[in-house]
Structure formats: C-alpha cells, structure tokens
Amino acid sequence: MKEQDLKMETDFNAKPKKFVLWLFVVSSTIMFGGWTSYYIVFSASKGKGHGLVLPDVFIYSTAVLVASSICLFLASSALNSGKTSGQKLFLWATFALGCVFAYLQFDAWSVLFQTGAAMVNNNAAISMIYIVSGFHLLHIFAGLCIVLNALIGAYREMPLAKRKYRMEIAAIFWHFIDILWIYLYVFLLLNS
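For our numbering, add 520 to where a residue sits in the sequence shown, where the first one is 1.
For the record, the hints were derived by calculation from the structure and aren't laboratory data. Glycine included, each C-beta is placed from N, C-alpha and C at the ideal position. Keep in mind that the hints are not guaranteed to be accurate.
Lysine-lysine pairs mimicking DSS-like chemistry, simulated, CA-CA at most 27 Å apart [to be verified]: (1) K535 with K608; (2) K537 with K608; (3) K682 with K603; (4) K608 with K682; (5) K535 with K682; (6) K684 with K535; (7) K537 with K684; (8) K682 with K537; (9) K684 with K538; (10) K603 with K684; (11) K682 with K538; (12) K538 with K608; (13) K603 with K535; (14) K603 with K538; (15) K537 with K603; (16) K684 with K608.
Pairwise CB distance ranges, derived in the manner of DEER restraints [claimed, not checked]: (17) T635 with Y675: 39 to 47 Å; (18) A564 with V706: 16 to 24 Å; (19) I560 with K682: 40 to 48 Å; (20) Y580 with N711: 19 to 27 Å; (21) A587 with G654: 18 to 26 Å; (22) I672 with S547: 20 to 28 Å; (23) I579 with Y675: 32 to 40 Å; (24) K603 with M551: 33 to 41 Å.
Turn these sequences into a full structure, and let the hints guide you.
Written out as structure tokens, the structure is:
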C-alpha cells in the first residue's frame, strides 16, 4: 500500500488544474471589472451614483469573510505542520463562516429592499449593487464547495500531495473571493 501511495504522489500533477483555476480567477476579475467600469460610466453620464447608504450588514459580512480567510490560512498551516486535527477544525470554521457570510448577504438585500431599493428600477446603479453582490455570492457558493472538497480530503486516507493540492486550490479561490468582496464593498462605498 505504501508503494502505491508513493507512486500516486510522484504521478500526481496539479499544474494543469491550477492553471484552469487561475483562468477562472482572471476571467472573474475581468467580469467584475467590467461591471464596476459600467457603474462608473453610468454614474458619470447621469451625474448620480446609487444614492444609498449601504446597510451595516455589509460591514459585518466583510469582517466575517476576512475571519474565514484567516481560518483557511490556519488550516493550510496546520496541514503543512502535520496537524490534521487543526486542519479539520479550521476548515470547518471557514465553511461555517462562509455560510454566515451568505446569510448576511441575503439579510443585506432584505435591508436594501425595505429601504425602497428594488432590484429592478430606473437607477441602474442600484441594480448593480444586487448584480455584483449576487454574482459574488455565487462565487461564495462555489468556494464553499471547494472548501468542502478540502474538508473531505482531510478526513479521507489519501496521499499528502492530494490533500495539499485540495488545500491550495481552496486557499487560492477563497482568498480571491475575499479580496474581490473587499474591492466591491469599498468600490460601492466610494461611489455612493
């Protein structure tokens, strides 16, 4: 059995899979960049932004997402130190905080809607708040699946190279969506 694991570790090549992930990260960055550019052009042509005070829930969700990234970093460090119980604990914490973030996004939309900021209206800038936060939430759901994959890998008997690969993919994607949300939130704050 050890020979087979050793052969699996030497045969496992994660570079093509990581390349696909990086392509997705770049394409998502371009997509969100396009939406924020549209927002700037629309606001400049109409002479107005979305004109809303963003809900405080967005601040809380940002803090939750940053905490989840810290937990994922600690999970990666635990794996590299050979502490699988720590890895599992911090992966569970990351997953739970990701779910809390998703709940807080729905709560923020509810607050926006109650203040009269309907998703479909005559101000495209307000609609863009829903669009960028909604598509970011889709990325969060994908990230939760990737974190869950790393968590399953932590519980299974598999070669260390595969477990590290799963953690690395989770870290790249999760930290990307964390940075993306911080950019989007600051952008919306500055352009209100």
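Now the hints, each set against the structure:
no. : hint                       : result
1   : K535 with K608             : holds, 25 Å
2   : K537 with K608             : holds, 23 Å
3   : K682 with K603             : holds, 16 Å
4   : K608 with K682             : holds, 15 Å
5   : K535 with K682             : holds, 12 Å
6   : K684 with K535             : holds, 13 Å
7   : K537 with K684             : holds, 13 Å
8   : K682 with K537             : holds, 12 Å
9   : K684 with K538             : holds, 12 Å
10  : K603 with K684             : holds, 13 Å
11  : K682 with K538             : holds, 13 Å
12  : K538 with K608             : holds, 23 Å
13  : K603 with K535             : holds, 25 Å
14  : K603 with K538             : holds, 24 Å
15  : K537 with K603             : holds, 26 Å
16  : K684 with K608             : holds, 13 Å
17  : T635 with Y675: 39 to 47 Å : holds, 44 Å
18  : A564 with V706: 16 to 24 Å : holds, 19 Å
19  : I560 with K682: 40 to 48 Å : holds, 43 Å
20  : Y580 with N711: 19 to 27 Å : holds, 21 Å
21  : A587 with G654: 18 to 26 Å : holds, 22 Å
22  : I672 with S547: 20 to 28 Å : holds, 26 Å
23  : I579 with Y675: 32 to 40 Å : holds, 35 Å
24  : K603 with M551: 33 to 41 Å : holds, 37 Å
Figure legend: structure checked against the earlier numbered hints; every hint is met.
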